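Chemist: The primary structure of each chain is shown beneath.
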Amino acid sequence: MGKATDKELIVNGRRLDGREPYHMREIKMSVDEISSANGSAKVSFGKTTAYASVHGPRSLFPKFLQESDTGILRCRYNMAPFSVDDRKSPGPDRRSVEISKVIRRAFEPVLFLEDYPKSTVDSFIEIVEADGSTRVTGINALSMALASAGIPMKDLVAACSVGKISDTLIVDLNGVEDNNSESDVGVAMMPQKDIVTLLQMDGILTKEELVMLLNLARESCKKIYQIQKQTLMEKYRGAE
Amino acid sequence: MGKATDKELIVNGRRLDGREPYHMREIKMSVDEISSANGSAKVSFGKTTAYASVHGPRSLFPKFLQESDTGILRCRYNMAPFSVDDRKSPGPDRRSVEISKVIRRAFEPVLFLEDYPKSTVDSFIEIVEADGSTRVTGINALSMALASAGIPMKDLVAACSVGKISDTLIVDLNGVEDNNSESDVGVAMMPQKDIVTLLQMDGILTKEELVMLLNLARESCKKIYQIQKQTLMEKYRGAE
Amino acid sequence: MGKATDKELIVNGRRLDGREPYHMREIKMSVDEISSANGSAKVSFGKTTAYASVHGPRSLFPKFLQESDTGILRCRYNMAPFSVDDRKSPGPDRRSVEISKVIRRAFEPVLFLEDYPKSTVDSFIEIVEADGSTRVTGINALSMALASAGIPMKDLVAACSVGKISDTLIVDLNGVEDNNSESDVGVAMMPQKDIVTLLQMDGILTKEELVMLLNLARESCKKIYQIQKQTLMEKYRGAE
Amino acid sequence: MMERYALELIEHGKRVDKRKFDQFRDIEIKTGVISKAEGSAYVRIGKTQVIAGVKIGVGTPFSDSPNNGVLIVNTEFTPMASPEFESGPPGENAVELARIVDRGIRESKSLETEKLVIVPGEKVWTVFVDIHIIDHQGNLIDAAALAAINALITAKLPKLEEGKVVAGEHGDKLPVAHKPVTVTVCKVGDNLFVDPAIEEESVVESKVSIAVMEDGKICAIQKQGASGIAFNDLEAIVDLAIKKAGDLRKLM
Amino acid sequence: MMERYALELIEHGKRVDKRKFDQFRDIEIKTGVISKAEGSAYVRIGKTQVIAGVKIGVGTPFSDSPNNGVLIVNTEFTPMASPEFESGPPGENAVELARIVDRGIRESKSLETEKLVIVPGEKVWTVFVDIHIIDHQGNLIDAAALAAINALITAKLPKLEEGKVVAGEHGDKLPVAHKPVTVTVCKVGDNLFVDPAIEEESVVESKVSIAVMEDGKICAIQKQGASGIAFNDLEAIVDLAIKKAGDLRKLM
Amino acid sequence: MMERYALELIEHGKRVDKRKFDQFRDIEIKTGVISKAEGSAYVRIGKTQVIAGVKIGVGTPFSDSPNNGVLIVNTEFTPMASPEFESGPPGENAVELARIVDRGIRESKSLETEKLVIVPGEKVWTVFVDIHIIDHQGNLIDAAALAAINALITAKLPKLEEGKVVAGEHGDKLPVAHKPVTVTVCKVGDNLFVDPAIEEESVVESKVSIAVMEDGKICAIQKQGASGIAFNDLEAIVDLAIKKAGDLRKLM
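Chains as they are written, first to last, in the working numbering: chain A, 1 to 240; chain B, 241 to 480; chain C, 481 to 720; chain D, 721 to 972; chain E, 973 to 1224; chain F, 1225 to 1476.
Chain A extracted, bound-state conformation:
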């Protein structure tokens, strides 16, 4: 995965797209983008763009998949064939199977699934353009889609990527940074409860660097949470 570049990725303390190390790209969020779903959202971090939609809670079929004492959450993370440099063949690959699982795990702690016995909450993330940090962008979108579906949550989930590149710790990796980083870390959190629900790390770090990155991720998730909250409030102001 990833194509190396020969360019310096940090020049005079700035990243190739002009950002300072701890700055995120422009973030756009909106909800209720998909009228066919119970809830939906669209989130971009720079060019990386994810749609998310939620269908349910609804009865689960075939019946042998039902659990009598709880509902289940199902999650599908998918990239559109045209979202990447080399066309991606349709259908799940090993990467998307794994990401779908860890995203599901990132949301199970925030839902009250035991309130929906024999039911399923089906959630879908579609990446239509991929320029790094797709899974965390998808998580941010799904968090808002669940909220817009009116599904009770213990907290929102906010997510961001952090990493190390040219010996510099950075936040919100774009595509070229992702492909050339020494290390990258994906974090999803319940920001009000200070609980981590997704943590994946690749590449070499000392423990001290890891701890610094985790703290950076926590701060960034809190900023993202503010944008999520504001977007939802603007949309549903009347309901409060």
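Please keep in mind that the hints were generated in silico from the structure rather than gathered at the bench.
Treat the hints loosely; a few may be bogus.
[Said to hold, decoys possible] In silico lysine-lysine, PhoX-like type, Cα no more than 25 Å apart, as pairs:
hint, chain 1, residue 1, chain 2, residue 2
1, A, 207, F, 1388
2, C, 715, F, 1271
3, E, 1095, B, 287
4, E, 1095, B, 328
5, F, 1474, A, 193
6, E, 1095, F, 1388
7, C, 715, B, 303
8, B, 358, B, 303
[Stated by the list, open to error] Far from chain B, by Cβ distances over 12 Å, these chain D residues were calculated:
hint, residue
9, 740
10, 746
11, 747
12, 767
13, 793
14, 843
15, 882
16, 889
17, 938
Owing to the predicted nature of the structure, the values given are computational and were not obtained by experimental measurement.
Virtual Cβ for every residue (Gly too), placed ideally from N, Cα, C.
Here the structure of chain A is known, so what remains is to put chains B, C, D, E and F in place on it, guided by the hints.
Modeler: Coordinates of chains B, C, D, E and F only, in the frame set by chain A:
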């Protein structure tokens, strides 16, 4: 799809196989070819040869596929690996998935499916040799297979191909014509009721040419219907 | 299948690994190798090594697979990707589908499946190293796994390969012999009842040669049976 | 509920959203929406939303047309877009939609595949048109065909260096000679109408998708639906499609 | 019903269609039935009908036998032929049938693969034998094997021009050195019989398919069925197969 | 039953097998157990048994890294190893395990892929690491990672003659620069512990697999489980993994 030829396809008003533009190839029809089926038929237009068989109406399993107030029709169109110039890999491809669907659609209007709740009529078309016009040949066979299975029908279904080649309108395209036509049209009809149940068209035509071809198809379907009827009467004469 | 060798395979009446024609390789057997299973065994003939495990009898799901008046036996024969010279892609191929079937057939006659209505006995054979005669090695392992699971059997099943190479009849073909044999025969038997439950033969033989090989196989199966019995007795001595 | 209501309205000459029978919902077309794609278009018809993306790569020609590039049209009905869509390989509806869109482009000879040869007989451009359904609120075929042709006419060929694609850089425009437009005409009883909303779609008895070229010629037809169509109704259906195709083309 | 009746008859030394235990139903063999195929044969045994078609293309040899052509035998149990067959990839019975037919041909060295080399180590003829079941009324294996060998011995190699196949034109005969014939011997109680009708097949306890060459040598055996066979019965089974194979060969 | 018991014990600071929270079950590592493989290792942790086999073949490099060999890590959860595993393509748990093991090796740059080039841009060594679960009694990830790295460090490259692999003969050692060790730390309530037995695994609320290098640096992390982890607990989890990885490494 299709291999171009450099030959002239119409010479002195005749087609390469000697036919006049509106003539069909030799048509052979027979029923009850397959003793294991409830009904079956074999139809050839020239070298193009289709078997069709029908199993059912029978109970549909697994149960979640059943519809409580009607039966369903299922249809599978398939080409034998050896039926074409370059061996076809076994199993459904996108072409056969689409053709199976439009053939099912061509028969749903003629059956009384609401008389078979929770049941299925399973129908199968196997092309053992393909020299153009395979789907309409298969439809002609399936129509007779349904009749030979004793399944009530509002009308038989008769089908044929028409097209345009070297600025000439023709009937019943063979393989080389199919591959080199400017346009080809597949039509299935309930000939007594003058109702079209399948219509597919490829290639460029003016509206006027299209209307002329549709009329040609209607006439040809009526001729085919006569052969179908006669074949069935000869077989089941005793029953009348 | 198989890579030819230029070497003479029988020199001075001895095979390349030093064996006399009718000698088997070193045989190792052990049971209860897999604590997660109801019964299990590990068997090697030379380098060829098979694990077998049994889960069940247990209820069969989904329910439409159940038979109301008998249990069923299911069998899966599989080779580890690293068990062969050229890595084998994971997943069943046509060879393993066929072998799984004939192995199931080899055990159905010895079980009292009618005692387990609606249930299944699931049996698994994994070849972790393949140096010829893998299916019969797997059968020998599965036979002991069934015994160690405490599933009543009419007889053990013992199996071996025999064949013809350089005009010599031999017992227990290794990999290079398998690939270069003029003929090979796989036999599984109920040794006490003198009943054959698997018989497969490839390559050219006169009827007389075939009969001689079958007799060689019978003798060898009886020897293998003795080792099976002794292994089980040593393990379960206390239970007798 | 909604279906019965939609049906009653149609039988009284009306529609759920007060449109006329020959009227489309409002249409939005945006091109260049996916910068990673060689061409792209977002199409919204009412609440139905579709994105088409064109990816172009170096491939080998088919052995029976060594001097032509390759066109592949693909659709996935992602379950995001409708509670009725399921995960898994494309079902018959997704396959049919892709093949209808494909034929509209292929049979009109819109994509000039003979100009897509890099090394004759060996290397050609392979043009993938992937149609991603974002929201399914009826009339997917017309939306998908409109997105596909708009993505194609705005697509650029990748830049080649020493026979390899340079990621992110582009050269000439993709050669597209025609702009076919597909219109699906629906039939309920004796009523013909276009652009069904999703509530209407479920009561449609039969429908005919017709791809029309700039000069009014027809380049592909597909009848759909579980009912037959009286032979004598076909001409009116074709006329309506040709007329509406002209209207749609003005939006491009 | 029919099964119990068939069983009772066999136990009394009789068969549903009054045949003798060692008697086949009437057999029809037609070759050259599919003109698109390089070789083909239609075989009917009673009501059981099978078509085998041979397609030959240019392929690459297996890396461990660079100087041999490739033989691939494939069967699909199309649901047309029996209410018991289902759509989908070949199940274990279809796989087993194909592999039994394959071994009968391969192990007898009937197909002279060493004569199927176009460019040593690079290009060889790949010979596909596809067996299409038309009507399953018992004893598919013998019918399929008979159709396969008849299709092979009447097949011709495609014509090559500049390394490419010329569609529809053919050259030399496919080199086939032997004509193995497969006979399946069935066992119910102490009774051995051949060519089971479908009602008989469902009561067969075990059966053995044996491929026999012209000189009476055996080239493949497969025991089938859920029961074992007494060791001492094997020789009689082999003898019966060899005898009947000779009879069948006379029909070719 | 066992699960509730395991849970109660943990809440009282105890374990089903009387181990301490930071104690592994007894571990056995054997290498060279599969002579057909280029490298192999058998690992037993308590009753959990895993075999990793390395097969090395000649392949083509990825187009975006033409001067690197290829590493592919694969796991099949064969149903032999657990009544919970089912036949079929790898499920999400098998995929996740393979990808965690893969990243531990890949991200630590253990396998020196730049030394695995045969012809730059054209031919490289492809290294398959296949992990076969023999008996699943808990903590598969640590066992699988331990087996994989032990198989790799004992693997030898196949011998090449004229660009082709000579079966059964080997040359240099596979170049492996590091020996990452993966430790999975489990959390139940406020308790952290390692190496869960299977009864414990089913009550684990969350767990974190951490791959650690010789110098204590971290090269891969994966949080698992249906519960979240308090941010402030992360550091203690990392510390425990680093400590135990050092212990495990002594066994290699």
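Chemist: A separate judgement is required for each hint: does it hold in the structure or not?
Modeler: Cross-check of the supplied hints:
Under the criterion of a C-alpha separation no larger than 25 Å, the hint pairing residue 207 of chain A with residue 1388 of chain F is inconsistent with the structure, at around 45 Å. With a C-alpha separation of about 18 Å, the suggested pairing of residue 715 of chain C with residue 1271 of chain F holds against the 25 Å cut-off. A C-alpha spacing of about 32 Å is found between residue 1095 of chain E and residue 287 of chain B, which places the hinted pair above 25 Å, so the restraint is violated. A C-alpha spacing of about 20 Å is found between residue 1095 of chain E and residue 328 of chain B, which places the hinted pair at or below 25 Å, so the restraint holds.
Under the criterion of a C-alpha separation no larger than 25 Å, the hint pairing residue 1474 of chain F with residue 193 of chain A is inconsistent with the structure, at around 39 Å. For the proposed pair residue 1095 of chain E and residue 1388 of chain F, the alpha carbon gap of about 18 Å is at most 25 Å, so the pair holds. Annotation: proposed proximity of residue 715 of chain C to residue 303 of chain B is violated, straight-line Cα distance about 48 Å (limit 25 Å). Proposed proximity of residue 358 of chain B and residue 303 of chain B is supported: the alpha carbons are some 8 Å apart, at most 25 Å.
Listed as outside the interface, residue 740 of chain D is consistent with that label: its C-beta sits roughly 23 Å from the nearest C-beta of chain B, beyond the 12 Å cut-off. Here residue 746 of chain D stays apart from chain B, with its beta-carbon at least about 28 Å from theirs, past the 12 Å limit. Non-interface call for residue 747 of chain D relative to chain B: holds, since the shortest CB-CB distance, roughly 25 Å, exceeds 12 Å. At roughly 26 Å, the least C-beta separation between residue 767 of chain D and chain B is larger than 12 Å, which holds for a residue marked as non-interface.
For residue 793 of chain D, the requirement that its beta carbon stay farther than 12 Å from each beta carbon of chain B is not met, with the minimum near 10 Å. Residue-level check passed: residue 843 of chain D sits 21 Å from the nearest beta carbon of chain B, beyond 12 Å. Distance to chain B confirms residue 882 of chain D as a non-interface residue, since its nearest Cβ pair spans about 33 Å, more than 12 Å. For residue 889 of chain D, the non-interface assignment is confirmed: its Cβ lies about 33 Å from the closest Cβ of chain B, beyond the 12 Å cut-off.
In this structure residue 938 of chain D is not separated from chain B by more than 12 Å, as the shortest Cβ-Cβ distance comes to only about 5 Å.
Checked against the numbered hints above, the structure violates hints 1, 3, 5, 7, 13 and 17; every other hint is satisfied.
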